[in-house]
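Could you build all of it, start to finish, from the sequences and the hints given here?
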Amino acid sequence: MQFSFPRFFLLAVILQLVFSELLTINGFQPNIMLLFVILSSISMENISRATLIGFSIGLLSDLILFNGSYIGLSSLIFSICAYLSARVSFNFVYRNFDLYWLVLVSLGTGLYAFFRYDFFFFNDILLFLKNWIFLSIYTSFVGFIITRLFKVKEGVLENA
Amino acid sequence: MAKIDLFPKQKLDSFILFLCVFISFALIFSNDNRNIQGLRSSAIDTFSFLYQPFNWLDNQLFLTKKLEVLSEENLKLNLENQILSSNKIENQRLRDLLKFRERNEFDFIGADILSKGFSSNLSSVLLDRGSNDGVKNNSPVLSSRGVVGKTILVAKDYSTVQLISDIDFRLSVKIMPSEAEGIMRWIQDDICQIVEVQTTSDVQIGDIVLTSNLSIYFPPNLPVGEVISFYKESNSSNKIVRMRLFSDLSTLNQLFILKGDK
Numbered sequence: 001m002q003f004s005f006p007r008f009f010l011l012a013v014i015l016q017l018v019f020s021e022l023l024t025i026n027g028f029q030p031n032i033m034l035l036f037v038i039l040s041s042i043s044m045e046n047i048s049r050a051t052l053i054g055f056s057i058g059l060l061s062d063l064i065l066f067n068g069s070y071i072g073l074s075s076l077i078f079s080i081c082a083y084l085s086a087r088v089s090f091n092f093v094y095r096n097f098d099l100y101w102l103v104l105v106s107l108g109t110g111l112y113a114f115f116r117y118d119f120f121f122f123n124d125i126l127l128f129l130k131n132w133i134f135l136s137i138y139t140s141f142v143g144f145i146i147t148r149l150f151k152v153k154e155g156v157l158e159n160a
Numbered sequence: 001m002a003k004i005d006l007f008p009k010q011k012l013d014s015f016i017l018f019l020c021v022f023i024s025f026a027l028i029f030s031n032d033n034r035n036i037q038g039l040r041s042s043a044i045d046t047f048s049f050l051y052q053p054f055n056w057l058d059n060q061l062f063l064t065k066k067l068e069v070l071s072e073e074n075l076k077l078n079l080e081n082q083i084l085s086s087n088k089i090e091n092q093r094l095r096d097l098l099k100f101r102e103r104n105e106f107d108f109i110g111a112d113i114l115s116k117g118f119s120s121n122l123s124s125v126l127l128d129r130g131s132n133d134g135v136k137n138n139s140p141v142l143s144s145r146g147v148v149g150k151t152i153l154v155a156k157d158y159s160t161v162q163l164i165s166d167i168d169f170r171l172s173v174k175i176m177p178s179e180a181e182g183i184m185r186w187i188q189d190d191i192c193q194i195v196e197v198q199t200t201s202d203v204q205i206g207d208i209v210l211t212s213n214l215s216i217y218f219p220p221n222l223p224v225g226e227v228i229s230f231y232k233e234s235n236s237s238n239k240i241v242r243m244r245l246f247s248d249l250s251t252l253n254q255l256f257i258l259k260g261d262k
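Taken in order, these protein sequences are the chains called W and U. When we follow this note's numbering, the leftmost residue of the first sequence carries the number 1, and every step to the right adds one. When we follow this note's numbering, the leftmost residue of the second sequence carries the number 1, and every step to the right adds one.
Calculated from the structure, these hints are not laboratory results. For each residue, glycine too, the CB sits at the ideal point set by N, CA and C. Honestly, I wouldn't trust all of these hints.
No farther apart than 25 angstroms at their CA atoms in a straight line, the calculated lysine to any residue pairs in the SDA-like style are these [stated by the list, open to error]:
| hint | chain 1 | residue 1 | chain 2 | residue 2 |
| --- | --- | --- | --- | --- |
| 1 | U | Lys136 | W | Tyr70 |
| 2 | U | Lys66 | W | Leu22 |
| 3 | U | Lys232 | W | Phe119 |
| 4 | U | Lys232 | W | Phe122 |
| 5 | U | Lys136 | U | Phe100 |
Covered stretches of chain W (in silico footprint by chain U; criterion: 3 or more residues with CB under 8 angstroms from a CB of chain U, positions within the stretch not fixed) [said to hold, decoys possible]:
| hint | stretch |
| --- | --- |
| 6 | 45 to 57 |
| 7 | 71 to 80 |
Here's what the structure looks like:
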């Protein structure tokens, strides 16, 4: 199955809304949009294009999906993750697909956690780590199911 | 003619990343700008329809559970009301005797939660009431049990509420009956911490925490929570008090926005 950008974008928006409204665990929600940006950027050859798309999706998410968040935060994190995601070589992705997106998800959620729990970061590092790890594991767990369910790996590698 | 590259490919990629990061930081630091606030209000008004189906689904799926919670709460409130009614008569009589000034009655706007929102850095909910209904910025928001937050962004028909569980939320509170005052902030789940409480104050486990008279946005005596533990801060003349919120933030459905000025 080809990795169709518009189709997976729509799916990501719907899943993000579903998880936001119905599947919040202890106040934590998986960041499906971050997952989408990382996975869609892997197959992009043009790094600048991937970065700009990540930035635009981040801005859109801040305005529409993530009501209450600071405008600019998601665009910052998505740009960085899209840039790093697009830089990877095909051979590396082929061999370490899951490892690669998992590392980037941890990085992205880590940046989110840093902005959200900055007070804990400077005052109670254990509480900060607990929140970051939980957010990261939840997003990774959901990502693992999504990548298997929609055969994302095959689609991404076919496009790359 | 040979094509001259102003930017080699790799440098262009880095430049684009730098530009995106720069614009993002510029946006983050100008979130309080009136134009940005206006843009956010317009976005909420325009795209709130996206949340409607999921909100409807949420209501359908958890309707029985919500009914159970509401019935239980109703029973508790009924019993409490019986006691308070008799206390009110006695209190009114004593106030009349002492010629105390009449207290202001609170006026609330009921609102449904439209979206619990994805909160990357802010714990917030979206309500289906806005400036058209008389909601103003920084208005206190309560559940049926107590304070849950304040409005931070008011669009025409919707408003965003910053919940107590947001790490940046601070509330000036007092602990009753000792009237010890302090600043409350969220720690985790439904546990909050009150700092700047004098060591000499007589705080006991089970004491009630209310909003204090010092808050800019919150009127005094709104219920917040109850004390569950306290300890003395080392090298300080203050003690730290831990409290549990009255409101269960994970099961919020309907909220009440305090109308008008303090």
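Hints and how they fare:
no. : hint                : in the structure
1   : U/Lys136 x W/Tyr70  : holds (20 angstroms)
2   : U/Lys66 x W/Leu22   : holds (14 angstroms)
3   : U/Lys232 x W/Phe119 : holds (21 angstroms)
4   : U/Lys232 x W/Phe122 : holds (21 angstroms)
5   : U/Lys136 x U/Phe100 : violated (30 angstroms)
6   : 45 to 57            : holds (count 6)
7   : 71 to 80            : holds (count 8)
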